[in-house]
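Assemble chain H onto chain A, guided by the hints.
Number of protein chains: 2
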Amino acid sequence: MADKCFQSLPGFRDFTPRDCAVRNYLFSVWRDVAHRYGFSEYEAPIVESTELYLKKTGGELATQLFRFEDQGGRDITLRPELTASLARIVGANQRDFPKPLKWFEIGPCFRYEKPQKGRGREFIQFNADIIGEASSGADAELIAMAIDTMLALGFGENDFVIRASDRESWLSFCTQHDISDPSEFLPLVDRLEKLKPEVLEEQLGTFNVTRQQVDDFVNNPENASPAFKEIRENLNARGLGQYLELDLTIVRGLAYYTGAVFEIFDTKKSMRAVAGGGRYDGLLSTLSNGSADLPATGFAMGDMVIQNFIDATPGAKLEMEAWMARNPPCEIYLVIADESKRNDALGVIAQLRTSGLSVDYPMTQLNVGKQFKKAEQSGARFALVIGSEFPEMQLKNLSSRSEQTIDNTSNFTETIQALLDAPDGPLIA
Amino acid sequence: MADKCFQSLPGFRDFTPRDCAVRNYLFSVWRDVAHRYGFSEYEAPIVESTELYLKKTGGELATQLFRFEDQGGRDITLRPELTASLARIVGANQRDFPKPLKWFEIGPCFRYEKPQKGRGREFIQFNADIIGEASSGADAELIAMAIDTMLALGFGENDFVIRASDRESWLSFCTQHDISDPSEFLPLVDRLEKLKPEVLEEQLGTFNVTRQQVDDFVNNPENASPAFKEIRENLNARGLGQYLELDLTIVRGLAYYTGAVFEIFDTKKSMRAVAGGGRYDGLLSTLSNGSADLPATGFAMGDMVIQNFIDATPGAKLEMEAWMARNPPCEIYLVIADESKRNDALGVIAQLRTSGLSVDYPMTQLNVGKQFKKAEQSGARFALVIGSEFPEMQLKNLSSRSEQTIDNTSNFTETIQALLDAPDGPLIA
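Protein chains in written order, with the numbering used here: chain A, -11 to 417; chain H, -11 to 417.
If we strip away everything but chain A, and leave its shape as in the complex, we get (with noise of 0.2 Å):
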């Protein structure tokens, strides 16, 4: 029983501190290759009408709604993914941005999922959207931040690539093969590699075409669309051309896709897509019930698939542990030595935060043993000792276990910034 209530609900995370900061190391890599591609950044409600969500897909999204009445019987879900939401803001607000908008977004999204490694009931997604441009430009753009992404996460040429392709090209191949409705046959296309040989074949048989014809099809470099030949030298002159790659099979499970469609794939193909999009030009006009009739392209990435790559790389690891170690949860610790000196010593720490440092101390009264085993545990780099010489003072390098004497003088805090910038110095013992 008291195990029981200890427990988050399946599919449902907490993060402690280390998870946190895991979570914000992610955040923040996100905002930071957002803000340099000039992408602003919004936030939808959580929980949003359900008729948003039927109206985009049915579907397996469907089956999967955190879907529930509220207290004033309206039908209403967690929002499973972003686009929707993102469809009626732009909707309710097109006349207030100029265009093209670059928008992103960072928060959770939850379906009822079997909870499993790299799928949780609530997880959180990056979006990244441009809207109003139909051009290719807009989306090398978004694969060139894609890329970007992967890179600024410390993933290097050998981890990753993009794989890309554009439903244009499965157009012309379903004009030359007369398939009426490619709406029925691209579903097809995204499960070449899922469907048993046996059974691909007599699908494929409906609409007069052999696996053959497919692969033909899809191993010929010169079926890329005019599209994809623009993306690709457009990145080429970014120098980022190599993480581009035709792969004529991606076609995206959605409906909605119109256009160029790409996914972030781990090299050594040991997990699944780790982001994911692509053009859809029509959707934000269903959505909107035609009002916001915008080209649109975009792609989404979640935290957890992305998560399990960075712990399978050592590079990206390596790289998000300097930003945890540039990080630290606290910088200082505060020893008071000589319990009479407490209110100097708070009067020191008013001080040291009021100069930006982070600094944690005892609250109570402790011995001098306690308390520096409480600096270690901190994390802190160094300890400020107070004790009876006050004001003058000890800093003590934790690491380096080298120590000098600070007064508190008016610029004391400027002095200690500068020890906390500089490398650590000789080991005096």
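Since the hints were made in silico from the structure, they are not lab data.
For glycine and all other residues, C-beta sits at the position ideal for the given N, C-alpha and C.
Among the clues, some could well be false.
Below, simulated DSS-like cross-link-like pairs (lysine-lysine); rule was C-alpha separation at most 30 Å, straight line [claimed, not checked]:
id, chain 1, residue 1, chain 2, residue 2
1, A, Lys217, H, Lys358
2, H, Lys329, A, Lys217
3, A, Lys87, H, Lys362
Selected chain A positions facing chain H (Cβ under 7 Å, derived; list incomplete) [unchecked claim]:
id, residue
4, Phe(-6)
5, Ser(-4)
6, Phe0
7, Cys8
8, Gly26
9, Tyr30
10, Phe56
11, Pro96
12, Tyr100
13, Ala338
14, Ser346
15, Gln365
Frame of chain A; chain H shown alone:
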């Protein structure tokens, strides 16, 4: 119909980029102050088992829950507050963490209330708690952090005050007046100002107490508890004593508070309290069925009330706007004056962004006049113009209208960074 589909649910907010920047400003200040005070960030699930909340409070909160059954038949609730989750997480992990814990959280909470100014059905709370420290030193540390939060938001001594009391004072009063069950008497103190005088007098009568006796008690500073006096001395030592005021009418509505309690008030009293908190030594034990019997003190601040307070306070508003100016959505807008140089421009953009700068540009061909209009709209301080003279580029300061030539040399990004960091030069027209 189209209109309806653009609306968020009543009491839920869309954060367009301007609103999201305000939210991010609050997040930035909250995180910065918490960091200076040595607090570590945690996060809990948005959804919890309903029993977690029913256990804690009952009362008003229980009628305001977004409560529903999930697809697996679980009785679940969108969290109305964080303390219950905090208790659950600490209970589950307490052996992993040296005490005291200083933890903070920033995230959405949900209550089914009538939406009104300063009150929504989804709102964001800043929660800070100290767990495992029973001394008044922890209360003082928490109240000091609350004060520094207000100061960091740009509020001054004339704008706000912390009114604090201690339930212990009222326990003495109850003993003096033979009130056997203080838990029935304290809610009356909480409503001293809210009840009609005759109703109050009648209800006090059931405890054999007169309004005069209550007023005499409240107006006598000698009734401050020892803990309150220690907190005052502690804050004085930090130079923060002037923000603290004894107010024995503050007891806080919720039943679980046990010691020092406080609220931050707008000194013009035009609004309700902007934040509040207090000591709740028994709650963790209750919520964890006795497994985590730790003393605790905490406070919470919601985003909606504090935003209204900022808007109504010139100093705080200036502080927020200064932050916005330091964090523009975009720093440089790249103008492509000669479309044949687009690939060169993309290379320059990639270099600028890699150096950490925020850059936007037209993703498709656009005449130069329109590009300068976009540059103005972007909020960028500089436009970098690439034309037929490339690798020579023109850097225009969009506010001072000055311009200078930049060469596409190896360190041109540093040159531009230095110009961005410098104040605007003389007007050249």
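Checked hints:
Proximity of A:Lys217 to H:Lys358 is assessed by CA-CA distance (about 27 Å); at most 30 Å being required, the pair is judged to hold. About 18 Å separates the Cα atoms of H:Lys329 and A:Lys217, which keeps this hinted pair within 30 Å; it holds. With a C-alpha separation of about 9 Å, the suggested pairing of A:Lys87 with H:Lys362 holds against the 30 Å cut-off. The closest approach between the C-beta of A:Phe(-6) and any C-beta of chain H is roughly 4 Å, which is under the 7 Å cut-off, so the hint is satisfied.
Restraint check, A:Ser(-4) versus chain H: the minimum CB separation of about 5 Å is within 7 Å; hint holds. Checking A:Phe0 against chain H by beta carbon gives a least distance of about 4 Å; that is within 7 Å, so the hint holds. The beta carbon of A:Cys8 comes within 5 Å of a beta carbon in chain H, closer than 7 Å, and the hint placing it at the interface holds. Against a cut-off of 7 Å between C-beta atoms, the interface hint on A:Gly26 holds, since the closest Cβ of chain H lies about 3 Å away.
For A:Tyr30, the suggested interface contact is upheld, since its CB lies about 5 Å from the closest CB of chain H, less than 7 Å. Of the supplied interface hints, the one on A:Phe56 holds, with its beta-carbon coming within about 3 Å of a beta-carbon of chain H, less than 7 Å. Proximity of A:Pro96 to chain H holds as hinted, the smallest CB-CB distance being about 6 Å (cut-off 7 Å). The beta carbon of A:Tyr100 comes within 5 Å of a beta carbon in chain H, closer than 7 Å, and the hint placing it at the interface holds.
A least Cβ separation of about 4 Å between A:Ala338 and chain H falls short of the 7 Å threshold, and the interface hint therefore holds. Proximity of A:Ser346 to chain H holds as hinted, the smallest CB-CB distance being about 5 Å (cut-off 7 Å). The closest approach between the C-beta of A:Gln365 and any C-beta of chain H is roughly 5 Å, which is under the 7 Å cut-off, so the hint is satisfied.
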